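Engineer: Listed below are the residues making up each chain.
2 protein chains.
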Amino acid sequence: MEPREQAIVEESLDPTDWKEIETLGHRMVDDLIYYLESVRERPVWQKMPEPTRQALKEPLPLDPQGPEKAYEDFLRHVLPYPTGNIHPRFWGWVMGTGSAVGMLSELLAAGMNSNVVGFDQAATAVEQQVLGWLREMLCFPPGSSGLLVGGGSMANVVGLAVARNAMAGFDLRFDGLAAGPRMTLYASVETHSSMRKAVELLGLGSRSLRLVPVGKDRTVDVEALAALIAADRHAGMRPIAVIGNAGAVNSGAIDDLERLADLCERERIWLHVDGAIGAPAMLSPRLRPALRGMERADSLALDLHKWLYMPYDIGCVLVRSEEAHRGAFASSAAYLAPTSGGLSGIAFTFSDYGPQLSRSFRALKAWMCLKAYGVHKYARLIEQNVEQARHLAGLVEQSSELELLAPAPLNIVCFRFVAPDLDEAGLNALNERILVELQESGAAVPSSTVLDGRFCLRVAITNHRTRRDDLELLVREVVRLGREGMKS
Amino acid sequence: MEPREQAIVEESLDPTDWKEIETLGHRMVDDLIYYLESVRERPVWQKMPEPTRQALKEPLPLDPQGPEKAYEDFLRHVLPYPTGNIHPRFWGWVMGTGSAVGMLSELLAAGMNSNVVGFDQAATAVEQQVLGWLREMLCFPPGSSGLLVGGGSMANVVGLAVARNAMAGFDLRFDGLAAGPRMTLYASVETHSSMRKAVELLGLGSRSLRLVPVGKDRTVDVEALAALIAADRHAGMRPIAVIGNAGAVNSGAIDDLERLADLCERERIWLHVDGAIGAPAMLSPRLRPALRGMERADSLALDLHKWLYMPYDIGCVLVRSEEAHRGAFASSAAYLAPTSGGLSGIAFTFSDYGPQLSRSFRALKAWMCLKAYGVHKYARLIEQNVEQARHLAGLVEQSSELELLAPAPLNIVCFRFVAPDLDEAGLNALNERILVELQESGAAVPSSTVLDGRFCLRVAITNHRTRRDDLELLVREVVRLGREGMKS
Chain H
1 MEPREQAIVE
11 ESLDPTDWKE
21 IETLGHRMVD
31 DLIYYLESVR
41 ERPVWQKMPE
51 PTRQALKEPL
61 PLDPQGPEKA
71 YEDFLRHVLP
81 YPTGNIHPRF
91 WGWVMGTGSA
101 VGMLSELLAA
111 GMNSNVVGFD
121 QAATAVEQQV
131 LGWLREMLCF
141 PPGSSGLLVG
151 GGSMANVVGL
161 AVARNAMAGF
171 DLRFDGLAAG
181 PRMTLYASVE
191 THSSMRKAVE
201 LLGLGSRSLR
211 LVPVGKDRTV
221 DVEALAALIA
231 ADRHAGMRPI
241 AVIGNAGAVN
251 SGAIDDLERL
261 ADLCERERIW
271 LHVDGAIGAP
281 AMLSPRLRPA
291 LRGMERADSL
301 ALDLHKWLYM
311 PYDIGCVLVR
321 SEEAHRGAFA
331 SSAAYLAPTS
341 GGLSGIAFTF
351 SDYGPQLSRS
361 FRALKAWMCL
371 KAYGVHKYAR
381 LIEQNVEQAR
391 HLAGLVEQSS
401 ELELLAPAPL
411 NIVCFRFVAP
421 DLDEAGLNAL
431 NERILVELQE
441 SGAAVPSSTV
451 LDGRFCLRVA
461 ITNHRTRRDD
471 LELLVREVVR
481 LGREGMKS
Chain D
1 MEPREQAIVE
11 ESLDPTDWKE
21 IETLGHRMVD
31 DLIYYLESVR
41 ERPVWQKMPE
51 PTRQALKEPL
61 PLDPQGPEKA
71 YEDFLRHVLP
81 YPTGNIHPRF
91 WGWVMGTGSA
101 VGMLSELLAA
111 GMNSNVVGFD
121 QAATAVEQQV
131 LGWLREMLCF
141 PPGSSGLLVG
151 GGSMANVVGL
161 AVARNAMAGF
171 DLRFDGLAAG
181 PRMTLYASVE
191 THSSMRKAVE
201 LLGLGSRSLR
211 LVPVGKDRTV
221 DVEALAALIA
231 ADRHAGMRPI
241 AVIGNAGAVN
251 SGAIDDLERL
261 ADLCERERIW
271 LHVDGAIGAP
281 AMLSPRLRPA
291 LRGMERADSL
301 ALDLHKWLYM
311 PYDIGCVLVR
321 SEEAHRGAFA
331 SSAAYLAPTS
341 GGLSGIAFTF
351 SDYGPQLSRS
361 FRALKAWMCL
371 KAYGVHKYAR
381 LIEQNVEQAR
391 HLAGLVEQSS
401 ELELLAPAPL
411 NIVCFRFVAP
421 DLDEAGLNAL
431 NERILVELQE
441 SGAAVPSSTV
451 LDGRFCLRVA
461 ITNHRTRRDD
471 LELLVREVVR
481 LGREGMKS
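Those protein sequences? They're chains H and D, same order as listed. Per our numbering, the first sequence starts with residue 1, numbered consecutively. Per our numbering, the second sequence starts with residue 1, numbered consecutively.
Some hints could be false.
Distance condition first, Cα-Cα at most 30 Å in a straight line; then the derived DSS-like pairs of lysine-lysine [unchecked claim]: (1) D:487 - D:47; (2) H:69 - D:19; (3) D:69 - D:47; (4) H:57 - H:69; (5) H:19 - D:19; (6) D:57 - D:69; (7) H:487 - H:47; (8) H:19 - D:69; (9) D:47 - D:57.
Derived, one-sided and incomplete: chain H residues facing chain D with beta-carbon distance under 10 Å [claimed, not checked]: (10) 222; (11) 486; (12) 488.
These aren't lab readings, by the way, just hints derived from the structure by calculation. In this text, all values refer to a predicted model and were calculated from it rather than measured experimentally. Cβ atoms here follow ideal geometry from the backbone N, Cα and C, with glycine treated the same way.
Could you build all of it, start to finish, from the sequences and the hints given here?
Structural biologist: Structure follows, in C-alpha cells:
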C-alpha cells in the first residue's frame, strides 16, 4: 500500500455539525405539521404573485447557499402555492389528500434511501407485504403478481404491455409489432386519456384502441362491444384486450365488469380494469357489489395516491398470471446476476415485473399508513366520500338553479348552474366563469369536464378532510356566483 | 338546504392530537439524523434474521395500530436492514448515497403533496427551474425540453419513444408499428439491459436492437457501427437511432460521442445518449473532455439518484427538439382542458412530455440539494470519486495478487483476486466467494460482473461518503479473503 498522501482533503455532503441539520429538521416538522393542522384556514388555492414567479427563476446555484437558506426560500416561495389537494374543499380532477403519517413515512424512506431493486433487504419484504395486502383488499387471487409504480398511467402501461405480449401469439419481445397482425383493444368512450397514451407508447397505434359507445349511465354498451369485436375479427384483426372502467374519469361510471369478464372469457380476450378512480371502493361491503367482476380481471390498475389518500406518487398493477407478468419484463444481465449469498443472494428482482430497475421505497408509506390507520378506517372514509357525493347530488337536484349532468354512482358529481335566459353557449361560458372564480377566490377547487357538449363543474371527492358543510358551502357559492354572473 | 343531520359523525385521517404526531416527527428526525451520522459504525449490509422476515409477514391490518406502533415496527424490522447504499463502503451496481438535505426535502414534498401535473403552482415552476439548471449543467441547448422521471430506465423509454415516433416517417401514434417497416437501433454490447427492455416495451422488438462490438477500451467500434447501419439500410430496414454510452455499466467506458454525433448527423439518425452513469461528470472541467459530443445528443437520459447523490427516485430526460418531444406525448381531454384562470389557467402540463399524468414533487429535492450544496461541490465530489477509482485501480495494479480486468476511465473499477494455481473456473468461484464474504461480513459491498468470461469484483464509486482509506480497507480484505479461500 502506498502511504496516505497528507495533502488530500476528502469532503462529503455530510454536515460538519449534525445538530444544526437536526434542529432544521425539527423546524420543518413543526412547520409542516402546522401546515396540515391549519389547512382549513387557508385558501384552497392561490395564484403565485409575479415576484414569486420571478424569484423562482434563479441562476444555477454554483456556490452553496446552505440548508437554512434553501429552506427559507422554500417557505417563502414554494410552500404557500401548493396544488391545493390537501385542503378539505379541493375536489378537482381526482387527487388524494395525503396524511401526516404518509408525510413522515417519506422522511423515513428517504433517510434509508433503499433502492428497491429487489435483493435481500427489508424494503423488498415490505413491498411484497404491501402487494399481498392490496391483493387481499381488492379480492384478487393469492397467486397473482403485482408491482408498485408511479401511478395509474404507468400501471395501465404495464398491464397493457403484459396483455399485448401474452396475447400476440408470437414472440413479440424479440420480433416486435412490425412482424404481426393488427391487434385491437376495446374501451368505452369514457375511458381515461392515459389509456390512449399507453396504447401509443406500446406501439399499437391509437387507431387500434376501439372506442365503444356508452349508455345513459355512461357505462360501456356491452352489446356494441361484442359486435365490434366480431366485426374486427371478421376484418382480420386480432382483438387482444378489453379495458373496463372501475370508475370512469368523467362521472365515476362503473362498467358492468361481470359481463365484461364473461365476454372476455368467451372471446379469450384479456380483461384489463382501470381502477385508478374506483378500485378502492372494493373495501366497502356496501359498495363492493357495484364492482363485481373486477376480481376476475387479468390485470388491474389502481392508485394509492388517489382514493387511499397516500402522498404522491404511488400506484399499483396486479396481474392474475405471474407467468404472463414475468414474460413481459423478466430479463438478465451479467452485472445483475444473483450470487450465492449477500445482498443479491435472493434472485428476486422487481424489474422482472416492470420497466424500472432502480426503484424508490414507496412501499413504506403504504405499509405505515395501512398499519397506522387500519383498513376499516379506509373503508369508512371511502363510504363517507360516496355519501358526501350523494349529499351533493341531492342538493343539486333540490335546487332549481342547478342541474345534475350525469348519474353520480360513486364519488364524482357533475353539475352546472342553469338559468332559463341562457342558451347552451351562454351556460358554458357562465359555468366556466363560476369555476375560475371559485378557484381564484380560494373558496373551493372543483375541476371541469364537458358532457354532451355541456361544460360542467366536476366534483371528485377523494378527500378525507371534506365535510358535508364544505359541500354545502360549495353549493351556496356556485348559486351566488351564478346569480352574480347573470347580472354582469 | 336541508338541515344538518345530527347523527352524522364525519371522520378523517387527521389526528385528534396534533402534538402527538409532532412529537413522533421529532423522534423520527432525531433517529434518522443519527442513522446518517452513525452509518460508518454499522455493517454496510446485514442479512435479515428469520424472525424479522416472519414479523414482516403480517396479516392485513384491519384495525388501527396507530402511528407509534407502526414506527416501532419500522425501527425494529425495517431500518436495520437497508440496501446499504448510504454507507461509505457501498459500491455495488450504481447507486447514490442520498443526503440529509435530500431526506428532509422529501418530508417537505410529501407534506405539500403537490401533484405536479403542470398547472399554475409553485411545484411546476420549481421543476421547470430544475430542468433549466440541468440543461445548463449538462451543456444542453437552452431551447431543449425535459422531464423529471423515476430513473434512467424510464428516461431511456421516453427518449427512445420520441426517437421512434420522430423518425418513423409516418403517423406512428395513430397507426402503430404494424403499419411500418422494421426500424433498427444501434448500441454497443456494453449497453445497459434497460435499453433492450425499453426497445421491447416500445414494441420495436429486441431483434431490432443491433449490438455493436467494442474495442479493448470497451467503447463502441464506430467503424463496425457504420458498416452495420449501411448493411441494414441495404437490407431494407430503417435505422432510426444510435444509443451512445456516457459511462457503460460494466466498466464506465465512454463511447466516442463526438464521432457518434458526426455519424448520426451524416446518416440522419437520432442520437440518444444513456448518461445514467456518467453524465454528471460534465460538471467537472477536468472530466468534461471525455464526454465531448454528449451535448449534441438528440436525447439524453440521466439519473440524479446515482452520481448526484439524491434520494430515490429521480431521473431526467432531456430532448433537443421540444417539438419532437411533445409530438410523442402531447394529448388532450375534456377533463384536462385549460380554463381562463385558476389552477388550470396555465395550459402547460408535464404529461405532454411523458407517459404520466399525476406526478410527485420529486423536483423539490433536486432544487433544495442544488441550492444547499451548490454545483461546485457536486463537481468536486464527482472528481473525488474518479480520483478514488484511480487510487483503487493503482492499488490493484501494484498488487501481484490482484488483477485489473478493464480500463477504469471513470468511477468504476473491475478487478479480481488471482492465484497462479487456479484456472479460470477456480478463479471465478473464488472471487464469487470473496464477494459474498465481503457483503455478509458487512465490510464492503461491491457487486460483480462478468468480463470475457471472468467473474470480477465491480466497484462503482457514486458515494460522497467514501474515503480513500475505505478503498484501502477493501483491498486488504479482498487479499485476506482470497488467501484464506486458497487454503480452504
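Engineer: State for each hint whether it applies.
Structural biologist: Here's how the hints hold up against the structure:
1. D:487 - D:47: holds, 26 Å
2. H:69 - D:19: holds, 27 Å
3. D:69 - D:47: holds, 24 Å
4. H:57 - H:69: holds, 16 Å
5. H:19 - D:19: holds, 22 Å
6. D:57 - D:69: holds, 16 Å
7. H:487 - H:47: holds, 26 Å
8. H:19 - D:69: holds, 27 Å
9. D:47 - D:57: holds, 16 Å
10. 222: With a minimum Cβ separation of about 24 Å from chain D (threshold 10 Å), the hint on residue 222 of chain H is violated.
11. 486: Residue 486 of chain H check fails; min Cβ-Cβ to chain D is 18 Å, beyond 10 Å.
12. 488: violated, 15 Å
Hint check: violations occur at hints 10, 11 and 12; the rest are consistent with the structure.
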